[in-house]
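Engineer: Given the coordinates of chain A, assemble chain B onto it according to the supplied hints.
Protein chains in written order, with the UniProt record's numbering: chain A, 1 to 410; chain B, 1 to 707.
Heads up, simulated DSSO-like pairs for lysine-lysine below, C-alpha to C-alpha not over 27 Å straight-line:
id: 1; chain 1: B; residue 1: Lys516; chain 2: B; residue 2: Lys643
id: 2; chain 1: B; residue 1: Lys516; chain 2: A; residue 2: Lys199
id: 3; chain 1: B; residue 1: Lys516; chain 2: A; residue 2: Lys109
id: 4; chain 1: B; residue 1: Lys147; chain 2: B; residue 2: Lys158
id: 5; chain 1: A; residue 1: Lys199; chain 2: A; residue 2: Lys109
id: 6; chain 1: A; residue 1: Lys109; chain 2: B; residue 2: Lys643
id: 7; chain 1: B; residue 1: Lys304; chain 2: B; residue 2: Lys400
id: 8; chain 1: B; residue 1: Lys643; chain 2: A; residue 2: Lys199
id: 9; chain 1: B; residue 1: Lys643; chain 2: B; residue 2: Lys537
id: 10; chain 1: B; residue 1: Lys277; chain 2: B; residue 2: Lys400
id: 11; chain 1: A; residue 1: Lys290; chain 2: A; residue 2: Lys405
id: 12; chain 1: B; residue 1: Lys304; chain 2: B; residue 2: Lys277
Sample of chain A residues at the chain B side, in silico, Cβ under 8 Å:
id: 13; residue: Pro105
id: 14; residue: Asn249
id: 15; residue: Ser372
Residues from chain A shown here face chain B by an in silico Cβ test under 10 Å; the list is partial:
id: 16; residue: Gln23
id: 17; residue: Leu46
id: 18; residue: Glu76
id: 19; residue: Asn95
id: 20; residue: Ser106
id: 21; residue: Asp226
id: 22; residue: Asn252
id: 23; residue: Thr317
id: 24; residue: Tyr374
For the record, the hints were derived by calculation from the structure and aren't laboratory data. Cβ atoms here follow ideal geometry from the backbone N, Cα and C, with glycine treated the same way.
If you want the building blocks of each chain, they are given just below.
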Amino acid sequence: SIIKSEIKMDIDDPPVIYGLETQARALCSVPALDDSQQFIIGTQGLRVEHNQLHLLTFDADSNSVSKRIFDHGRDEIWSVSVAPHNPNLCATVFNRVTMDSGTNPSVAKRWCLWKLPEEEDNQTPRHRNSSEDALTSSSLSSVESLQSIGSIELEQQGEPRCLAFHPERAEAVLVSDGGLYQLGLGSGAVRLLAHLPAKDGRSQLRYWHAAWNPHHSAQQVIAACDSGGLRGFDVRCPPSDGPVVVIDNAHNGQARCVDYNPNKQYYLASSGDDGAIRFWDTRQPSNPVKMLRLHKHWACCVQFNPYHDQLVLSGGTDAKVYLTNNRSISSEPVLSLDDDLDDDDDDDDRRQQQPELDEDRTVSVVEEHEDSVYAAVWCATDPWLFASLSYDGRLVISHVPKSEKYRILL
Amino acid sequence: PWTPLLFQAEPDRSSRNSRLRSFYQQGQVESDAASVGLNVDPCDIDGAGFDPEVYLSKLLQEQPLTSLMAKEQQMVDQIRQLDSDMQTLVYDNYSKFISATDTIRKMKSDFHRMEQEMNNLAESVSAMSQQAADVRQHVGGKRAELKRLAGVSALLHKLQYLLDLPARLTELRREGAHQQAIRAWQQADRSVRRSAELPAYQADPRMQRLLGDLEAQAGSLQDDVLQFVDQGCNHLVSELCILIAVFGDIFPSPESRAKLEAYHESVMRSYLAIVSKRFCLEARESGGTGDSLLVRACDRFHRKLQAMHRLVTEGELSVRALAVVCDAAAERAAAVRAQLDLRLTAALSGLRSQLATAGARSVSLPQLMAGLLTELVDAVKAALAGLQAFLATDVSFSLKPAFRERFCVRAVRQELLAGFLNHQATQCARLAQLSPTPPPLLLLLLSRYCLDFRNSSLHYLCTLADEQFLVPESPQAEALVTPVSELSAVYSDSAAELLQAYVCASGGTLAGMLRKSVDARDWLQGIEPRSVRAVVKRVVEDLAGIDASVSSLYDEAPSGGGGRGGGDRSSDSSASRLARRPLTAASRSQWSATPSTLGNSLLHRLFSDKVDLLGPAEFGRASVVSGVVRLALKTLLECVRLKTFGRYGLQQVQVDCHYLHAFLWRYVSDDSVVHFLLEEILASAAHRCIDPVSMEQSVVELIVERD
Numbered sequence: 001s002i003i004k005s006e007i008k009m010d011i012d013d014p015p016v017i018y019g020l021e022t023q024a025r026a027l028c029s030v031p032a033l034d035d036s037q038q039f040i041i042g043t044q045g046l047r048v049e050h051n052q053l054h055l056l057t058f059d060a061d062s063n064s065v066s067k068r069i070f071d072h073g074r075d076e077i078w079s080v081s082v083a084p085h086n087p088n089l090c091a092t093v094f095n096r097v098t099m100d101s102g103t104n105p106s107v108a109k110r111w112c113l114w115k116l117p118e119e120e121d122n123q124t125p126r127h128r129n130s131s132e133d134a135l136t137s138s139s140l141s142s143v144e145s146l147q148s149i150g151s152i153e154l155e156q157q158g159e160p161r162c163l164a165f166h167p168e169r170a171e172a173v174l175v176s177d178g179g180l181y182q183l184g185l186g187s188g189a190v191r192l193l194a195h196l197p198a199k200d201g202r203s204q205l206r207y208w209h210a211a212w213n214p215h216h217s218a219q220q221v222i223a224a225c226d227s228g229g230l231r232g233f234d235v236r237c238p239p240s241d242g243p244v245v246v247i248d249n250a251h252n253g254q255a256r257c258v259d260y261n262p263n264k265q266y267y268l269a270s271s272g273d274d275g276a277i278r279f280w281d282t283r284q285p286s287n288p289v290k291m292l293r294l295h296k297h298w299a300c301c302v303q304f305n306p307y308h309d310q311l312v313l314s315g316g317t318d319a320k321v322y323l324t325n326n327r328s329i330s331s332e333p334v335l336s337l338d339d340d341l342d343d344d345d346d347d348d349d350r351r352q353q354q355p356e357l358d359e360d361r362t363v364s365v366v367e368e369h370e371d372s373v374y375a376a377v378w379c380a381t382d383p384w385l386f387a388s389l390s391y392d393g394r395l396v397i398s399h400v401p402k403s404e405k406y407r408i409l410l
Numbered sequence: 001p002w003t004p005l006l007f008q009a010e011p012d013r014s015s016r017n018s019r020l021r022s023f024y025q026q027g028q029v030e031s032d033a034a035s036v037g038l039n040v041d042p043c044d045i046d047g048a049g050f051d052p053e054v055y056l057s058k059l060l061q062e063q064p065l066t067s068l069m070a071k072e073q074q075m076v077d078q079i080r081q082l083d084s085d086m087q088t089l090v091y092d093n094y095s096k097f098i099s100a101t102d103t104i105r106k107m108k109s110d111f112h113r114m115e116q117e118m119n120n121l122a123e124s125v126s127a128m129s130q131q132a133a134d135v136r137q138h139v140g141g142k143r144a145e146l147k148r149l150a151g152v153s154a155l156l157h158k159l160q161y162l163l164d165l166p167a168r169l170t171e172l173r174r175e176g177a178h179q180q181a182i183r184a185w186q187q188a189d190r191s192v193r194r195s196a197e198l199p200a201y202q203a204d205p206r207m208q209r210l211l212g213d214l215e216a217q218a219g220s221l222q223d224d225v226l227q228f229v230d231q232g233c234n235h236l237v238s239e240l241c242i243l244i245a246v247f248g249d250i251f252p253s254p255e256s257r258a259k260l261e262a263y264h265e266s267v268m269r270s271y272l273a274i275v276s277k278r279f280c281l282e283a284r285e286s287g288g289t290g291d292s293l294l295v296r297a298c299d300r301f302h303r304k305l306q307a308m309h310r311l312v313t314e315g316e317l318s319v320r321a322l323a324v325v326c327d328a329a330a331e332r333a334a335a336v337r338a339q340l341d342l343r344l345t346a347a348l349s350g351l352r353s354q355l356a357t358a359g360a361r362s363v364s365l366p367q368l369m370a371g372l373l374t375e376l377v378d379a380v381k382a383a384l385a386g387l388q389a390f391l392a393t394d395v396s397f398s399l400k401p402a403f404r405e406r407f408c409v410r411a412v413r414q415e416l417l418a419g420f421l422n423h424q425a426t427q428c429a430r431l432a433q434l435s436p437t438p439p440p441l442l443l444l445l446l447s448r449y450c451l452d453f454r455n456s457s458l459h460y461l462c463t464l465a466d467e468q469f470l471v472p473e474s475p476q477a478e479a480l481v482t483p484v485s486e487l488s489a490v491y492s493d494s495a496a497e498l499l500q501a502y503v504c505a506s507g508g509t510l511a512g513m514l515r516k517s518v519d520a521r522d523w524l525q526g527i528e529p530r531s532v533r534a535v536v537k538r539v540v541e542d543l544a545g546i547d548a549s550v551s552s553l554y555d556e557a558p559s560g561g562g563g564r565g566g567g568d569r570s571s572d573s574s575a576s577r578l579a580r581r582p583l584t585a586a587s588r589s590q591w592s593a594t595p596s597t598l599g600n601s602l603l604h605r606l607f608s609d610k611v612d613l614l615g616p617a618e619f620g621r622a623s624v625v626s627g628v629v630r631l632a633l634k635t636l637l638e639c640v641r642l643k644t645f646g647r648y649g650l651q652q653v654q655v656d657c658h659y660l661h662a663f664l665w666r667y668v669s670d671d672s673v674v675h676f677l678l679e680e681i682l683a684s685a686a687h688r689c690i691d692p693v694s695m696e697q698s699v700v701e702l703i704v705e706r707d
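Isolated chain A (complex conformation) (with noise of 0.2 Å):
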């Protein structure tokens, strides 16, 4: 193990691979309460019996995955979003096809709250995949069944999209073609709080996602349309005031994802068919601070590691997770106050060498996957990994190099 552990000093943990057998959308970070390295997946199973969310633990000792398996009926998921203050509770957005009179099939996305039952370890113990089996799911495990906490029907809900847990409070955004949905999930109970309409003026527009702003205790929320912009709401301000961040054009097609910089106000990325990643500043929201053109197709999600904000991740429809550096816009300090700080010779000379280093950069791309990939999501606990998913339902955890984690750290 002394030799092993030398030579991972030196070379990169290989990615681990897990796989379902149906196709897969939904993936999450759980943000455990043990600081284990956990993910949510969920299937998408149009004619399954039982689609599932599979529970993964990564081991990090020995590079491969432990999993609880929770039964999801026929319905085939479409999204899935864990509470950052309750890894306990989860969400669902979900497909469910009635058959009635058996000719007239109708199919209805809903949503739904979900409590994960307690594991309980004397009688289900963490099934072991290591990384070489893993492509092949044991179907051994018992599967747990999830408690619903319910769901509320909404006035002018159309499709619901996903649903966006607050960071602090327990509180919701659905994020649906009627727009997006507060919801207020204290005390057992979910209940509408407020309901901000999918207008423009008197276009009407579909959101597809939506992230909170975890700055100031996370009164904001901006939403990704289908006509290419963004649109940011204040929770505190009545709906009828319209949105108080407006980005027009922000991509040329739909945009798919948003999401807040955790370190550095007023700055989000987003992503969209275009392929463009743009990072913004929504005090100037006419231009873009930057862009990075890596997919070649549609860019599905983006989201900025929890600790270090100039990681970057972003997955595509061309089958490509990104992980970018965007040292320059990101709450890092410049390069010239490192080099004020320390006078380290050889730190200069390392520097004068790859002077490269330091800029923005592409650090690493997975590919392992062969076909899109609709989420790719940071560890929760572990700002070192994260995990992807590609719609043929291969998962694959991977972990940031270790000479980028280096350079970051020291």
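Structural biologist: This is chain B only, laid out in the frame that chain A set:
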């Protein structure tokens, strides 16, 4: 007020007495009275305390009658005498009064006359002061001048004396007048010693004024630049030359020589700075015709200073003059470059509006591109030709190596030509990154333009400039100039970027149409498909248009260089491409529009290398158009995956895919990618279908056949 006193005749003698006394001896009376008052005797008839009652009773009691009689007689006499005295006094005074009155009257008349004379006097004085003021006014302005002239004259006299002194001394010595000679020498020696420490040259006001005049002129373009140079040369430089010559003759000592040089240096520094400023202004502001004038001015200036350099060998005047000329020439080159940049911007925006207003079909892209190429190449050539005026053989500085290096190599060859060429490529590439995408045709056209420019004009222009400006083939010169290969790479990159942007833009347009159509349709409910969806037909039609545009500019196969596309392509090529895929047995067996191909696609994935679905487009029609096709199909695939299909929804996708398969093969370079994508679309639709029953292949073919 003595008159009333006179007529108040009082009988009281003592009071009269005292009054008279007080009038004539005022001061004395008081002291007398005071002394009298000390021992008052009421019986003293002349005393102040005289009491007549006491005196009378005393006389009556003490004196016998005779003495009383005598006393009375005596007193009567005295009274009479006093009265006469008073009378005399009164007359006396009165006559004085009369004479005084006369005198006053006389004075009065005298004063009257005097006043008149005084008035006359005042008038004269004021007239005089008026005249004095007039005189001052007339003379005042010239007084300083006069004073100065007088001073100068005195100084000149002294100087003349000093200058004549050596001759005079010699003469005196020859005549033997040694005494006189020594006196003259001593006199001169004193004054010379006194002025030895004065800083003679700094305070030269004339030179300063000339510099000031020139500086004022340098700030504006009002005066001719030639005139400016003439004025500077003829006045300032000439005077400086004379000063140097004369001074050198008079003061040959090394110290004074150093002083002169310092002075000369300061004047020349100011002058060169002024000239440089003026030349640069001329270079910047004058229009297209300014070259010859500026060159003549530079030439004249350079010649004059070279001449001066022969006189003053120190200070490297000639080198510095050349530096001024170099700066002016470089500035001119920079101005020409700025004009070229403006020309480029105007040409690009003109092209953009032309493409935006005219439809894609009504304009000939190769013609537009050729026009742009000719316009800009001609503009560059004209700019280079204009600057050649600096190299004319009759221009004094044209052969100087320093000028050649600075102007020909750095300013023209590198900053103007290479700089502009680089700017042009990056400006074009910048359009590819604009967020509201410019018209796709503009991107396409500019990509071909960059390619053509690289192939034909880039090398030509660089060689032309090398020849026209005699750029040496030395390593030093090459180090200063961006190599053609580097520029060529920049153009290639720009062309590739623009082409990629074109693929994204026009593919994005098709993709947008497909996305909206898939989003808007209810795929779950619906009737059995009878025809191909209109939007799919529209996509194929638009693709024909895109193909026509691309093929007008690009050859079939990817080619790094070669001639312009379009010329050799037959005009019916796009029409033939609208034709349906020939339904040979091979193609039929190769692909069938059934969703059972899911396994097939998995096999495809397993056994083929990862297909780079959306790889960069190469410079060829097929590659570009298939890039557009792939983008559109990939989007269709993603949209299908977001939907849930009923049986007939799936069958509609089947029909659409078959139609696309029948028509797209013409446009793509690699048929297998289209196969793969269409299979994926079908497989995904089948996967997302709640009742996956596919349509009979023959029926699908029938429907497609009918459309």
